[in-house]
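Undergrad: Residue numbers (the working numbering), protein chains in the order written: chain A, 22 to 88; chain B, -14 to 113; chain C, 1380 to 1552.
Hints were generated in silico from the structure; no laboratory data involved. This structure is a prediction, so every number in the text was calculated from the model and none was measured. Glycine is no exception: its CB is placed at the ideal position from the N, C-alpha and C atoms. Any given hint might turn out to be false.
Pair by pair, the computed Cβ-Cβ distance ranges are [claimed, not checked]: (1) Met57(A) to Ser41(B): 48 to 58 Å; (2) Ile100(B) to Met57(A): 47 to 57 Å; (3) Met57(A) to Met1519(C): 33 to 43 Å; (4) Leu1391(C) to Tyr40(B): 22 to 32 Å; (5) Tyr40(B) to Ile1386(C): 18 to 28 Å; (6) Thr61(A) to Met1519(C): 14 to 24 Å; (7) Met57(A) to Glu1528(C): 35 to 45 Å.
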Amino acid sequence: MAIDINLIFRIAAIGILVSILNQVLKHSGRDEMATMTTITGLIIVLLMVIQLINNLFTTVRAMFEIY
Amino acid sequence: MEIFKIVGLGITATLLAMIVKQYKPEYGVHISIAAGVIIFLLMVSKLASILEVIYSLTDKLDMDAVYMKSIFKIIGIAYISEFGSEVCRDCGESSIASKIEFAGKILIMVLALPILLSVLNLIIKLMP
Amino acid sequence: MVLKIIIVIALLLSSWAIGYLVALRYSLRVKQLGYFIGALNSLETDILYYSTPLPVAMKKVAGRSHKSISWIFDDAWKKLSERTGLNIEETWRMTIEENIDYLSLSKDDIEIIIDFSKELGVGNKETQKKHFKYTQELLMEQKIEASNEKDKNGRMFNRLGVLLGLAMVIILI
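Kindly generate the complete structure, drawing on both the sequences and the hints.
TA: Listed below in structure tokens is the structure:
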């Protein structure tokens, strides 16, 4: 996934979508599936952010130490 | 002008984070982390050229490159530890944040020790 | 760029369609149960009040009921007229089991319908009347339950379909 502003929009969109899904599922009584979707959304977003942080650390390491 | 891009990105991310925090506070933190990292990565190339200029200056001044390297390493450690502690404080875990800062201080001390020692040596040599 | 937009639209449409189809099954079950109860009514009138023989009664009911279930009676009538020597219950069961894919009814509903044929044509008019009424009551209960399920699940699957498609699009753009 490219490093640019689209990433932030994607994370926000996933967050809003997960909350809508949560409401729909809770409304029809499927609470376990609602919790599952929340956790799945969190994992997906976490993976995206960890990729970013990895990039950050590699860049900082390259800039401040090898130089 | 890069500054417009950066400010635009920051404001958009803040607004989005505010909206998302109302429904799922966990996601708001992710957005702020992502925004911070992206802004830094956008500035990285400029930072690299600044560092190069400083290095060429030190070459001209005929100073030992080791000292400059240590100073930059210290700056790097300071930046990363501040980033981590700010993220923790944003989530409300100020105790973890202070521990991270403490660790950063220790590591900086470790790096700075050789320089301190060489300065002390110099002073001892100069003393009659 | 244009290809991406086409893929996104295709994904969204297909996921919405899947959600809609699942929700449709629930609403079809309710409708078909209703049609069946009506057809049973028709059959009861023909057999008990006009004393029409069974195959002719079935043919009449096939002509009067909704096309989603009329084929049951049509098929049964055709099989009965062929005089293959099978009794009513087996003919009925064969008809239903051969074409079970065309029905959106649940297993319980199908069992009730098959059980109905076991008592068809047995006993005098009074027992037949009671039997018809009993089957209709059972089917009515199933219809109420199916209606509840449809209210609960129908809209949910509709929305789920669209939302999950949207999620895929966002993650994979």
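Undergrad: If a hint holds in the structure, say so; if it doesn't, say that too.
TA: Results for each hint:
no.	hint	verdict
1	Met57(A) to Ser41(B): 48 to 58 Å	56 Å, holds
2	Ile100(B) to Met57(A): 47 to 57 Å	54 Å, holds
3	Met57(A) to Met1519(C): 33 to 43 Å	36 Å, holds
4	Leu1391(C) to Tyr40(B): 22 to 32 Å	53 Å, violated
5	Tyr40(B) to Ile1386(C): 18 to 28 Å	48 Å, violated
6	Thr61(A) to Met1519(C): 14 to 24 Å	41 Å, violated
7	Met57(A) to Glu1528(C): 35 to 45 Å	22 Å, violated
Checked against the numbered hints given earlier, the structure breaks hints 4, 5, 6 and 7 and satisfies all the rest.
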